[in-house]
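Undergrad: Each protein sequence line maps, in turn, to chains X and W. Residue numbers for the first sequence follow this note's numbering, beginning at 1 and rising by one. Residue numbers for the second sequence follow this note's numbering, beginning at 1001 and rising by one.
Because the hints were derived from the structure by calculation, they are not lab data. For glycine and all other residues, C-beta sits at the position ideal for the given N, C-alpha and C. Watch out, some of these pointers could steer you wrong.
[Stated by the list, open to error] Not close to chain W: a few residues of chain X, all C-beta gaps over 10 Å, as computed:
hint	residue
1	L7
2	Y18
3	V142
4	V173
5	F322
6	W413
7	I532
8	V617
9	P649
[As the list claims (entries may be wrong)] Have a look at the derived ranges for each label pair, beta carbon to beta carbon:
hint	chain 1	residue 1	chain 2	residue 2	range
10	X	S310	W	K1025	43 to 51 Å
11	X	L195	W	Q1068	36 to 44 Å
12	W	E1080	X	L333	39 to 47 Å
13	X	N307	W	L1010	30 to 38 Å
14	W	M1001	X	I647	53 to 61 Å
15	W	E1108	X	Y325	48 to 56 Å
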Amino acid sequence: MHIIGNLSIYLALALSVYALIIFILGIYKQDQRLVDSGKAATLAVFILTSIAMFLMLILLGTSQFQFEYVASYTSTDLPLVYKLAALWAGNSGSLLLWTFFLTMYTVMVAYSKKLKNNPMVPYISSILLGNTIFFYIILGFVTKPFGLLDFVPQEGRGLNPMLQDPGMILHPVTLYLGYVGFAVPFAFAITALILKTTDAFWLRMTRRWTIIAWCFLTLGNVIGGWWAYLELGWGGYWAWDPVENASFMPWLTATAYLHSVMIQERKGMLKVWNISLIILTYALTIFGTFLVRSGVLTSVHAFGDTNIGSYFLIFLALVVIFSLYVLMSRYHLLKQDNGQFESLLSKESSFLVNNLILVGGTFAVFWGTIFPLVSEAVRGYKVTVGIPFFNAVMSPILLGLIFVMAICPLIAWQRSTVKNLRDNFLVPAIISIVIAGLLVGLGMRAAYPILAYGLISFMLLTHLLEIYRGINARRKVTKEAYPIALYRLMVRNRRRYGGYIIHFGIGLMAIGIVGSAFDQETMQTVPKGETIEIQDYVLTYEYLAQRREGVNDVVFANIHVQKGGKDIGYIQPERLFFANWEEPHTQVAVHSTLREDLYVVLSGWESDERATFVIKVNPLVQWVWIGSYVLVIGSIFAVWPGKYGNITPRYKGPKRKVS
Amino acid sequence: MGYIVGLLILAFCLYLVITPLLRPKQSTKPLEVLEEEFDEISLESVYATLNELEMDYNMQKLSDEDYQRLKSEYENLAAELIAKEKRQDGNSAKSQDNVVKDIEAEIEEELAKLRKEREEK
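Start from the sequences and build out the full structure, keeping to the hints where you can.
TA: This is how it looks when you write it as structure tokens:
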């Protein structure tokens, strides 16, 4: 097996280099045969990567411990699904998965029907191949997936218990699909620059790619949060950990990019900005990978046991230098914008504000993330920026974004008047103020949640109003029934209404994010039969027991829960002890409702069966997950193929006065 | 066994890569074809703009004044594009008046079609 595995890796590297050279020759000699040979080589590389990955899955599934990777991350008692998921538990396996996605995307672009015989294809493929070569150099010479041990161990080291969770199956895969997905619009953008085709063609071609990559990145982040919430046992889903930040930063810039491309498509403006944003997004995905793999910053995500980070740093430098060089050399062409902002009160202006907020947020997160490194370089010791810094900076940014999201749907492209603005916003604004007033009446006193919920309801209402007005505008002409008008309105403009559904999802997530900041916590050690009270919950600790799960031992506490005098049932927080892992693992018990989560951790116990519990009441957390489902639905709706909405309206700038 | 499979994989990859090179020589599509995709505003996109303006107006996002101004601006742009197309089609035998009338009728027809589409779909 190791012969075939290693052959796949080295042959794929050789063919990637061949493909890059033959594409360049094909471009230079304008010979389609050479380009076709290059395309065939990308297909061969993808097949080889698939073989390597398939082999690795077989090795993991069948516990071939003579392979170092298999022995390091699996054991015989591990359930099959986690044996297979161990593919992305370590450096070489996860990079193999990354390379698989990258080569798959390269083939999809090279053989795209829409791009058949398009002269951009060899350029785009070459840029993607440059990335592939880097990953194959790592796989071939730095961290080898098919490395053999000198002996065959009886048993493997097993998989870190924290990784034995459904989150392990979904989180890395979705995150990688997102990360690697941005390589495609990046390659299109650089190609457009090289070919001096600075129009919106590359944006139109990458529209779906970008939304899909963004959706995967969002899912990767949310699933990561959900996993941390249930597995890490600290009671939250987002800790501003450097690695969390590393995947959040490209999300912020990609979100900005998704909005600003619409301005270029419609008005031919912001060309430099859009290209810069996609370069920044792709560079941030590599920077994120560098942070995860290098271990330069302390994080719960531990990959940093090799010198692989330095390779990513070099690669990042090369990508940035090359991109900036191409960008600067074409700067004069990009500056020839053919549109202008006509009015401050216009959709494009609101998109620009949204972009500034998102990029500002990216900078704030970046600064907070690298601050320990900066402080170490300047002062000689690491000063870590904690959660309060990020919360303090990002909370107003979130509110600002929600406000812009609220305004954007109800204003037109080109120009809106103050009167239109007043007419459109009066009703949602009044209702939002009433909602904020109701919250005050219900006893909420902190300014931030009152303001936040007021703004979130304003945003949700403006979106509902926009849809309602859209239905009425259609019905004016078509006289259709309301449901039919709604359906046809949305289907005929999937991108816009998909975007609104996504906004709706973000709004629901924001309800959860703001709410969960107001959690309550207690930590108590109690004997059997004693109760713990938190808010209107009464928890009665009934007994501590032990059971066996395969080769592992599970200690659990049985707790009876009442809320406001009403019986809710039993919950069982657990501690797991693994046969193949030294550290025990916490299994949180969560009683979840739309209003709040009761979150219980079995922290420890004494010989007399007194047990220590950490109990939290986390308000509205479920809305974070519900919002993410809505967001995925919106993304699918937006990218779903259809015959409508394929022609983008184009706007001119105002006529310039010539003196 | 591993070596045999390895050789088969190698042979297959070489077959994939070499086959295109054995075909008769063919030039790549010149870069100039991309010119068609450039920033030129197409007639279809102007119709889409007029459609969007009408929708925005009906949704009370645009004032009467702005709507009328923008509508006439984009109708003129559509007229310019149609006239350009007609000129390219070599249809210059018609008088200028007739061309203008034709264009106005065509824009109205296209907008009516978009409205009808909204009714039907």
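Undergrad: Each hint: holds or not?
TA: Right, here's what the structure says about each hint:
1. L7: violated, 5 Å
2. Y18: violated, 7 Å
3. V142: It holds; X:V142 is separated from chain W by about 23 Å at its closest Cβ, greater than 10 Å.
4. V173: The claim holds: X:V173 sits with its nearest Cβ about 26 Å from chain W, beyond 10 Å.
5. F322: Check passes; 21 Å lies beyond 10 Å.
6. W413: violated, 7 Å
7. I532: Holds: least Cβ distance 55 Å, greater than 10 Å.
8. V617: At about 43 Å from chain W, X:V617 clears the 10 Å cut-off, so the statement holds.
9. P649: Not fine: 4 Å to the nearest Cβ puts X:P649 too close to chain W.
10. X:S310 - W:K1025: 43 to 51 Å: holds, 45 Å
11. X:L195 - W:Q1068: 36 to 44 Å: Because 41 Å falls inside the window, the suggested range holds.
12. W:E1080 - X:L333: 39 to 47 Å: Between W:E1080 and X:L333, where Cβ atoms are some 25 Å apart, the hint is violated.
13. X:N307 - W:L1010: 30 to 38 Å: Taking Cβ atoms as reference, X:N307 and W:L1010 lie about 31 Å apart, which means the hint holds.
14. W:M1001 - X:I647: 53 to 61 Å: Check passed, 57 Å falls within 53 to 61 Å.
15. W:E1108 - X:Y325: 48 to 56 Å: holds, 51 Å
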